[in-house]
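A.B. asks: Chains A and B, in that order, give the protein sequences.
Its first residue numbered 7, the first sequence is counted upward by one per residue in this note's numbering.
Its first residue numbered 7, the second sequence is counted upward by one per residue in this note's numbering.
Hints listed in this document are in silico derivations from the structure and should not be mistaken for laboratory results.
Honestly, I wouldn't trust all of these hints.
Since the list can't tell identical chains apart, any single copy or any two copies may satisfy a pair.
Simulated crosslink set (SDA-like; lysine to any residue; CA at most 25 Å straight-line) [claimed, not checked]:
id, residue 1, residue 2
1, K208, Q82
2, K208, E78
3, K77, D59
4, K77, T39
5, K294, R116
6, K77, T34
7, K208, L231
8, K77, L177
There are 2 protein chains.
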Amino acid sequence: MQSSNFADGAAYVGGRFVPIQEAAIPVTDWGFTRSDAVYDVVHVFHAGFFRLDDHLDRFHRSMQARRLAPKENRVQIEEILHRCVALTGLRDSYVAMVALRGRPRIAGSRRPADCDNHFIAYALPWVDVISPEVQARGAHLWIAGVPRVPDACFDPTVKNYQWGDLTTGLLEAHDHGFDTAILCDAEGFVTEGPGFNVFIVKDGRVLTPDRGSLHGITRASVLELCLSLGIEAAVAPLPRALLEDADEVFLATTAGGVMPVARVGRRILGNDRPGPLSMQLKDAYWRKHEEGWHRTPVRVLAEERAGSL
Amino acid sequence: MQSSNFADGAAYVGGRFVPIQEAAIPVTDWGFTRSDAVYDVVHVFHAGFFRLDDHLDRFHRSMQARRLAPKENRVQIEEILHRCVALTGLRDSYVAMVALRGRPRIAGSRRPADCDNHFIAYALPWVDVISPEVQARGAHLWIAGVPRVPDACFDPTVKNYQWGDLTTGLLEAHDHGFDTAILCDAEGFVTEGPGFNVFIVKDGRVLTPDRGSLHGITRASVLELCLSLGIEAAVAPLPRALLEDADEVFLATTAGGVMPVARVGRRILGNDRPGPLSMQLKDAYWRKHEEGWHRTPVRVLAEERAGSL
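Using the sequences and the hints given, assemble the complete structure.
C.D. replies: Structure (structure tokens):
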């Protein structure tokens, strides 16, 4: 029984399911005023979650790393994600789960431990990080001047909303007429971009950075695909010069999958189109989705099950 | 005509004034999901703003640095802050102003430039960053292991909510039984703590870090006080060893003023009490408040003015 109210998205917030338009957090929540929150995003393809357990595992690791403990346990969180998607009636969806520090139980406390942590989730219609048109021609990737925040300051494997450096890179990219940006760390090693991991192809070998970046689930999927397709792949330090000298470059993210790149800075890759190995991996990624790879079917609502008896 | 609804705080959000309990932002606002927001906090002491113009100047610099342009202009923002305080009826208040990226006008856009930026503000009852009891005995300051995010990654003079490293430092401090934390950068220079600047006193000279920290308005006030009191003061590189070897240490913040420190890590300063120069500056800071220093009286509501005629 999905209401048309939920067609634009369904959220779980404050222990209730509401249309996405009504989903809000207090302006004084430390999840906002200190960006003291972790999140994860899983996608639903043709009514099935992709690698749901892997996303839940990572989300729980992120919460533990920041000592966030909302009252919902893992089973309940999984149930909430299913229900958010089911309420929307969407077959393809972007599903977010977020743990926030909340506000102190003791008025005036400045101690994170005094806060009531809470959990929110929401399902939205699927949107690509990079538009399908840009993906088709190959993205133009700007190498940002702003350095990525060092791992020692904030662990990039803990999925978080502190996008300041990534946003700066994105603004630089748009100023120069590029689609998106990739950031290097202060030592000149390639890290990640706003919402995606990066891969390069050089002499038939696939490489992705070992630092400064999220351990992406799509990144893991690409490495798995390489193994199954007999393509040599490695997680390794990736100096900026290697990115600029790559045969092919592609990006990997939940909200887009494998996204080929045609230009890196002023350099045009190959024939200014997505490279062959990038396309092979992109095609395999979506074909295996069709075949039910790592799929968890979205559970229909109890009301619907009852109705279909 | 302040309603009792506003006694716990008054907010301006979505162009309307509401009780703080009702002030919320969408869970999909980039101000939250990318921590793409800047803010400032000014305090009201005995029905007068302290250095309101300085806070508004800094807030506008922060907005410009992040290309945030909400529809309210400076005059309107000032009027909104006055009204928030007036609605609460508070004589002492903590007043926040925030500019958020908002959400894209174009569905699916990932471009900051496509977003409708917006402005929120709120006035709350005054709360000290460090409780008055702790201030009286002198705060215990932990030197955090986590390094401060480098200035090159995110300009710390742009007041922002990306508190990840500061929160990590705070958690460390509490784990070790300390009140709060100070962070050093990766090169070993002292920066700032969660919500405050730091000063040291050595051989009668006052020093505060030249890097990794906000250009605090209270910091500026302390430097001004030093000048007027004939105390030598400087903004300079501050190696960690100098902090550990200080005669006195104190913290400076809008939400607390000048806050003396009694312990730095395992080291006890002086006689484990606030130092004499710290107390001199703290006393002068509040005495000058009483005298109307940099004061802008809070404008009463039009309804009240009408009523008093």
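A.B. asks: Could you work out which of the previously given hints the structure breaks and list their numbers from low to high?
C.D. replies: 1, 2 and 5
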